[in-house]
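Visitor: Take a look at the letters that make up each chain.
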Amino acid sequence: MTPYWADEDEDEHGEGADGAGTMVRPYTITRGRTAPERDDLTLITVLTTTQQELDEYGRPYRPGGRGLQPEHRVILDRCRQPAAVAEIAADLDLPVSVTKILLGDLVAQGLLLARAPLSVARAAGGADLGLLKAVREGLRRL
Amino acid sequence: MTSSPMTDRPTTGSQVAAAAPAAVKILIAGGFGVGKTTLVGAVSEVTPLRTEEYLTRASVGVDDLSGVDEKDTTTVALDFGRITVSPELVVYLFGTPGQERFWFMWNDLVNGALGGVVIADTRRLESSFASIDFFESRDIPFVVAINCFHGINTRSPAEIRAALDLDPQVPMLVGDVRERPFGRDVLLALVDHLMNLPVLQPVPVG
Chain D
0 MTPYWADEDE DEHGEGADGA GTMVRPYTIT RGRTAPERDD LTLITVLTTT
50 QQELDEYGRP YRPGGRGLQP EHRVILDRCR QPAAVAEIAA DLDLPVSVTK
100 ILLGDLVAQG LLLARAPLSV ARAAGGADLG LLKAVREGLR RL
Chain Y
0 MTSSPMTDRP TTGSQVAAAA PAAVKILIAG GFGVGKTTLV GAVSEVTPLR
50 TEEYLTRASV GVDDLSGVDE KDTTTVALDF GRITVSPELV VYLFGTPGQE
100 RFWFMWNDLV NGALGGVVIA DTRRLESSFA SIDFFESRDI PFVVAINCFH
150 GINTRSPAEI RAALDLDPQV PMLVGDVRER PFGRDVLLAL VDHLMNLPVL
200 QPVPVG
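Line order of the protein sequences matches chains D and Y.
The first sequence: position 124 = 123 (numbering that gives the first Met the number 0), numbered continuously.
The second sequence: position 120 = 119 (numbering that gives the first Met the number 0), numbered continuously.
This is chain Y alone, in the form it adopts within the complex:
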C-alpha cells in the first residue's frame, strides 16, 4: 500500500487545532450472527457505531461484466468501535458485514488492515469458512476466536482446528466474546502473531 499524498504534503498556512492520531484497523469477521458486534462492543471504548455504504456489483470488477450495466446497488451496514491506545494512536475495530459477498466488494474496508479476527461458533463452524478463506487469499494475518456462549463447547480444540483446516501457526482461542478479558486476549494474540510473522522479502519484478 502506498502512502497517501495527503500526509506527505506539508500543510500550508493553516494551524491544526488538535494533533490527529495515527489510525490502524483490525477486521472482525465470521458468519452471520456469530458475535462480531458483540466482540467489538466488549473491547471498544465507545458503544459500537454503525455506518452504511452503498456498494455496486460493478465494483467487484473481476469477471461479472454484466454487473457494470446493471448498476446493482446495495446498502451494507458496518458496525465498528475504537480503542485509543495513546494520544498518538487509535485502533479501529470493524465488524465485517455478515455476508462475505459484500465485503469482497468493499476494498476500502479490507485494504490496509493490520490483521483480522475470525469468530467461529462450534455449532456451525462452516459459517466462518469464507472468512478464513478471505483472509488467507488476501494475505491478511488473522487469529481464530471460538465463541462459546454459556461455556457450551462440545468439541476439542484439536477437532475444531481440523474442521477449520487451520494452519498450525494460526492462533486459536476459546472463550465468550461478551467478556472483555477474552476480547482483549484475542486481540493480544493477533498482535503477538503479527510480531512473530516472518518479514516478507520484496519480490523482484520482471
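So here's chain D without its partners, still in its complex pose:
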C-alpha cells in the first residue's frame, strides 16, 4: 500500500527534508492525540468490521457518529476479514500506536469489534492443554 503521505512528501515538501515530518503527520491523522482512549488494544487483538446499515451513497449509516477519516474507512474495509492490530498497522504503513488510536475510534463507535488475545501468561495459569494441542496440530501440518 502506498503510504498515505507519499504525495504530500513529493509535492509540498520536496524530499521530506524536515526530519520531523514523519513524526508529525501520523499524529495529524489522529487529530493530535498521541495515546488511545483505551489501553486494551494489543498487537494481536483481532478486529472485525461489524455489519452496518448503508446510507443512500452506499456508505455506512451512522446516526450521530463523528466523521471518519480516509484511514478509518481503509481500516473498516480491511477488517471485513478479521485482522490483528499489527497486521492493520503494517497494511496502513502507520506506527502501531497511531493505528491503535484510529482503531479505538471505530471500536467506540461500534463499527469494529475487538477480540482480545487468549490469556496464556504463566502467572495466570498458562495456556490450557486444549489450546496447546490445537497449536500443535496446526504446526504439524506445516
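Everything labelled a hint here was simulated from the structure, so no lab data went into it.
Note that the coordinates shown come from a computational prediction; the quantities given were computed from them, not determined experimentally.
Each hint should be verified, as a subset may be incorrect.
What the hints assert, rightly or not - Residues on chain D that point at chain Y, a partial pick, calculated with CB under 10 Å:
| # | residue |
| --- | --- |
| 1 | Thr41 |
| 2 | Leu46 |
| 3 | Gly66 |
| 4 | Leu67 |
| 5 | Pro69 |
| 6 | Leu91 |
| 7 | Ser118 |
Heads up, the beta-carbon is just placed ideally off N, CA and C, and yes, glycines get one too.
Based on these hints, arrange chain Y on the given structure of chain D.
Guide: Chain Y in isolation, oriented as in the chain D frame:
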C-alpha cells in the same frame, strides 16, 4: 494477565461480519542478524510483514527518571508472520527487535506471549545471552534454536549448552532456520515444552 473487558462485553445491536479467530503469539528472539526474520518467513503463511512503533525512554519507567523529561523517542521496526492453525485460532510470530534494549521497553510486544524461541549463532553465542536472560526474567518459557548456515557447526550441543548456561530442561535444536521443517520442529519443541511445564500454583498474597 487479566482478560480484556472488550471481549467480556456482549456485543449490542451489531452483527459480526466474520467470526474473529482467537490469537496467540510466539516471540522469536536472538542477537542482531541471527536469522529471526528468516525463521519467521520460513514458517509463516505470508511474507513477513513489517510494522513500526514509537518507543519513548520514559516507558522504561524503572529507574531512569531523567528519561521522562527528555521524551527520548525512537522508532523500532518489527517483523512478524502468521500461521492459521484453524478458522478459530491464529498464531502470530513476532521477531523481536535486534537490540534488546528496545524490546525491554515494549510491554505490548512481550506481554501475554505463549513462549519464545531464542536463535543463536555458534560463531557468536554471546549475542543471544540477553534474549535468554530476558525470557528467564519474565518467566516466558522458551526453546533455543542453534542456527547453522550451510551446516557449519564447530561445537557440540553439550558445549553450546554450557556456553549458554541453559537449564537442562530447556530444549535446544540445531539446524538451518531457512528450512521450513526446522522452523516447524523448533515451534513444535516449544509447544511440547509448554505442555510439560509444571502448572504454577497461585501464590497467596499477604
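Visitor: Could you run down the list of hints and mark each one as holding or not?
Guide: So, going through the hints one by one against the coordinates:
Satisfaction of the interface hint for D/Thr41 is found here, the shortest Cβ-Cβ separation to chain Y being roughly 5 Å, below the 10 Å cut-off. Look at D/Leu46: its Cβ gets to within about 7 Å of chain Y, closer than 10 Å, so that hint holds up. The criterion of a C-beta within 10 Å of any C-beta in chain Y is not met by D/Gly66, whose closest approach is roughly 20 Å, and the hint is violated. Because the beta carbon of D/Leu67 sits about 16 Å from the nearest beta carbon in chain Y, more than 10 Å, this interface hint is broken.
The interface hint given for D/Pro69 is violated, since its Cβ lies 19 Å from the closest Cβ of chain Y, which is over the 10 Å cut-off. Among the interface hints, the one on D/Leu91 holds; its C-beta lies about 9 Å from the nearest C-beta in chain Y, closer than the 10 Å criterion. For the restraint placing D/Ser118 at the interface with chain Y, the shortest Cβ-Cβ distance is roughly 5 Å, inside the 10 Å limit, so the hint holds.
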